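Could you put the whole structure together from the sequences, leaning on the hints where they help?
If you read the protein sequences in the order shown, they are chains A and B.
Just so we're aligned, residue 732 is where the first sequence starts under my numbering, counting upward by one.
Just so we're aligned, residue 732 is where the second sequence starts under my numbering, counting upward by one.
Any given hint could be a false lead.
Given that identical chains are not distinguished, each listed pair holds provided it fits within a single copy or across any two copies.
PhoX-like mimics (lysine-lysine), calculated; alpha carbons at most 25 Å apart, straight line [claimed, not checked]: (1) K784 <-> K734; (2) K784 <-> K924; (3) K736 <-> K841; (4) K784 <-> K1126; (5) K841 <-> K749; (6) K736 <-> K924; (7) K1048 <-> K924; (8) K1105 <-> K950; (9) K1048 <-> K1116; (10) K734 <-> K749; (11) K734 <-> K1126; (12) K1126 <-> K749; (13) K927 <-> K950.
Don't read these hints as lab results, they were simulated from the structure.
Just so it is clear, the structure is predicted and the values come from calculations on it, not from any experiment.
There are 2 protein chains.
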Amino acid sequence: MKKIKPISGFPEWLPDQKLVEQYFIDRLREKFELFGFTPIETRSVEPLDQLLKQGETDKEIYVLRRLQAAEGEGNLNLGLHYDLTVPFTRYVAQNRGQLQFPMRRYQIQKAWRGERPQEGRYREFYQADIDIIAENDLPVYFDAEMVVLLHEVVTSLPIPRITVHINNRKVLEGFYRALGIEDVPAVLRAVDKLDKIGEQAVSQILTATVGLAPAVVEKCLDLARIRGFDASVADAIMDLGVQGDLLRAGVDELRYVMRILEPLPGGSVVADLHIARGFDYYTGTVYEGIMMGHEDLGAVCSGGRYDNLASGGSSLKLPGVGISIGLSRILGRLFSRGLLRASRSAPSSVLVALTSEETRPESNDVARALRVRKIPCEVFHTPAKYGKQVQYAEKKGIPFVWFTQGEQTGGHEVRDIRTGVQAPADVNTWTPPPDDLSIKVSFDDRGRSGE
Amino acid sequence: MKKIKPISGFPEWLPDQKLVEQYFIDRLREKFELFGFTPIETRSVEPLDQLLKQGETDKEIYVLRRLQAAEGEGNLNLGLHYDLTVPFTRYVAQNRGQLQFPMRRYQIQKAWRGERPQEGRYREFYQADIDIIAENDLPVYFDAEMVVLLHEVVTSLPIPRITVHINNRKVLEGFYRALGIEDVPAVLRAVDKLDKIGEQAVSQILTATVGLAPAVVEKCLDLARIRGFDASVADAIMDLGVQGDLLRAGVDELRYVMRILEPLPGGSVVADLHIARGFDYYTGTVYEGIMMGHEDLGAVCSGGRYDNLASGGSSLKLPGVGISIGLSRILGRLFSRGLLRASRSAPSSVLVALTSEETRPESNDVARALRVRKIPCEVFHTPAKYGKQVQYAEKKGIPFVWFTQGEQTGGHEVRDIRTGVQAPADVNTWTPPPDDLSIKVSFDDRGRSGE
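As structure tokens, this is what we get:
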């Protein structure tokens, strides 16, 4: 038999894993909607020029071509989107007259990047985004509220704790400009790599590549080293003795955001002055979420404030702030480490056994009656021996098997296949325990704490 | 302001429409899972050779290229899938050892076809598929059960009645072969167009292009004209006097399927001997669902039996049967005709008014208390005049506005903005009526029956 191989970077889950992913998506949707965020879905493609305008991703775009394009048909000029922020801001600018602002939307969709696949980096992956976009002005308050919402969301999921690292682009840019640095993006990119490559390597880049003087490099590293768990972090920045309007504005924002977030449990947020994020479109607060025990995975969520992204080419402003949750990155890691446990691996709560082809209508009647009461079930496809039917239920994790001609009474009986207990049952009243009605997912790191 | 235009064939919905689409998807999922179907999601791409093996779609595939592919990097050899059946059967063959059979799966995903866009035909669209795949043998019974499930599903949606037209490829192929016809696919394709181009045009193709004798053409049309609402349709076919083993086998299957479906309400199914379906992979029963009053749209769901699709290149058989619901096609039509009505256009049931920046914590407390009890809500973003805040709720269709400092009591009050009635309310006990808790969608053709 010819073996079919997976395609590198395009993950697919087995049925029990897909049920877990679905469970995660449902929890995310539920929280997002509780917070008044409305779902949006954008097409998978954007014009290439739109995709190329933003950030460091130009090498990673997949472009589309019709297989049988006619001679001279020309390029389609369409690429698959690499994030959900650029499509959403385009959508807002395009439909502006038909939307109410501030617009709170969530968007759970796939995105594509033609990168080299590695753990946590896929070519096709799910992101779950929440953003608020306002007309003309969006209070800095929302930079903090996004983190409150994110905290609420991630703590409702069966995953390790996520710490949100917070910084502000105005602080970085204001600081660098006050030091006389001209190529600010180059410094941002270098400092952003601090965790990955270390201080010495960053220092090397800043000196050799960007051409900064040693004293300036040292100041940049002083700033990058600052961490803080509350609003006092603002003082630590000012204590470095650098002055400037943009820096001051950024520090005020960061102080305000950190103050609002102070009620969150300890370890939920940290001001981290080396976070910069890759996309060029951020203009203020930036976020990065790191999953405890999985720091090597990099950010599992990220985002920030963008004041100039969604203008639709006009002078009208549509400032926004948002966070993207890297769903595939989180799940891929937890799946590969076996850290998620599902209560079962199939939607069915009950398998209705099939005794014979003649009694198929009776089995179907049982299934129908259970479904009327919202109990997911299926009828075994063929009148095999009961042992085989029970085995099928076991393998799929279906907890109950229903017999129309039970061994004890000759009538309807239901067996809990985990305990083997079988008892008479009435199809119009029998109900599985609430925990067996639908799938439950839990985080399970027993015996893995040493990893 | 530069106007941003939509991209032809890549539909996007406004927020209220997306809520409706989400509502439809949730209803579909609920039904599919009640019937024991497990969700699956496949990657968006397949190897080109896999996509090219099946059916008439070779001209319609979008292939991927990395924008900055290196010189000589070579073709990626990947295309976006044009349906969900080919990816699913590949998935089953690939993961066979880790799946339980029969495998019942549902899959709600986008597919892409590079066709000329027209009403009901998109380049990017949602399909909702259900399929059963067994090892070695799948009883014909399931050809009927898929229709029972489809009937249950579509009658639970707020859409016009769908009639499922049923045929059997064995009947067609057996009949044609018994008449000595060699180019069976050409005849299938011609007869399948009967509704669109009429008998004369089909007759013309069969005579001039396929080269059939007039008497043979007449027999083909005799068969294509047959319609039947029950198992007696089998006799009508045999009455044409054509004989053959394959024909006989197909007629027996069709009779059996129609007999099982007899309990369904009148008009739900019809045997229709001119239905063939475009894909080459069908081997037995084929389906096509037509939406009442929207016959011009063509099939809104379709599918059939495929005994040889999912072998993974081996001699092992993985026969399957499935139906695909054209979700985007249905919604696109109903949206454009204004035939769906949503109870509101936002997830929020309550807008918590913001009186001043100083009382933001109080407003936030109200929102938090409501969310604990699963009541979706949002806090107005800025302390604007109440009139403006109520207007925002009206525009978004949020039914209730909560005031922390109400006009009547100075305390908490809630206003139903549809009636204007405002009354004191306790944030720990007040609950919206069940119909206002989440969005409801209904079919609404008042005043449009003449269309």
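Right, here's what the structure says about each hint:
When the C-alpha separation of K784 and K734 is checked against a cutoff of 25 Å, the pair qualifies only between copies, where the shortest distance is 17 Å, while the shortest distance within a copy is 42 Å. For a Cα distance limit of 25 Å, the shortest separation of K784 from K924 inside one copy, 23 Å, qualifies, whereas the shortest one across copies, 46 Å, does not. For the identical chains of this complex, K736 and K841 are neighbours both inside a copy (22 Å) and across copies (23 Å), given an alpha-carbon limit of 25 Å. Taking the shortest Cα distances, K784 and K1126 never come within 25 Å of each other, neither inside one copy (50 Å) nor across copies (33 Å).
With identical chains, the CA atoms of K841 and K749 are at most 25 Å apart both within one copy (14 Å) and between copies (17 Å). Within a single copy, K736 and K924 get their C-alpha atoms no closer than 35 Å, and across copies no closer than 38 Å, so neither meets the 25 Å cut-off. Taking the closest pair of Cα atoms, K1048 and K924 never come within 25 Å of each other, the shortest separation being 31 Å inside a single copy and 52 Å across copies. In the homo-oligomer, the alpha carbons of K1105 and K950 never lie at most 25 Å apart, since the shortest distance is 64 Å inside one protomer and 49 Å across protomers.
Taking the shortest Cα distances, K1048 and K1116 sit within 25 Å of each other only across copies (22 Å), while inside one copy they are farther apart (69 Å). Only within a single protomer do K734 and K749 lie at most 25 Å apart by alpha-carbon distance; the minimum there is 22 Å, versus 40 Å between protomers. In this assembly of identical chains, the alpha carbons of K734 and K1126 lie at most 25 Å apart only when taken from the same copy (24 Å versus 56 Å across copies). For the identical chains of this complex, K1126 and K749 are intra-copy neighbours only, at 16 Å inside a copy versus 37 Å across copies, given an alpha-carbon limit of 25 Å.
In the homo-oligomer, the alpha carbons of K927 and K950 lie at most 25 Å apart inside one protomer (20 Å), although the nearest pairing across protomers, at 75 Å, exceeds that limit.
When held up to the earlier numbered hints, the structure conflicts with 4, 6, 7, 8 and fits the remainder.
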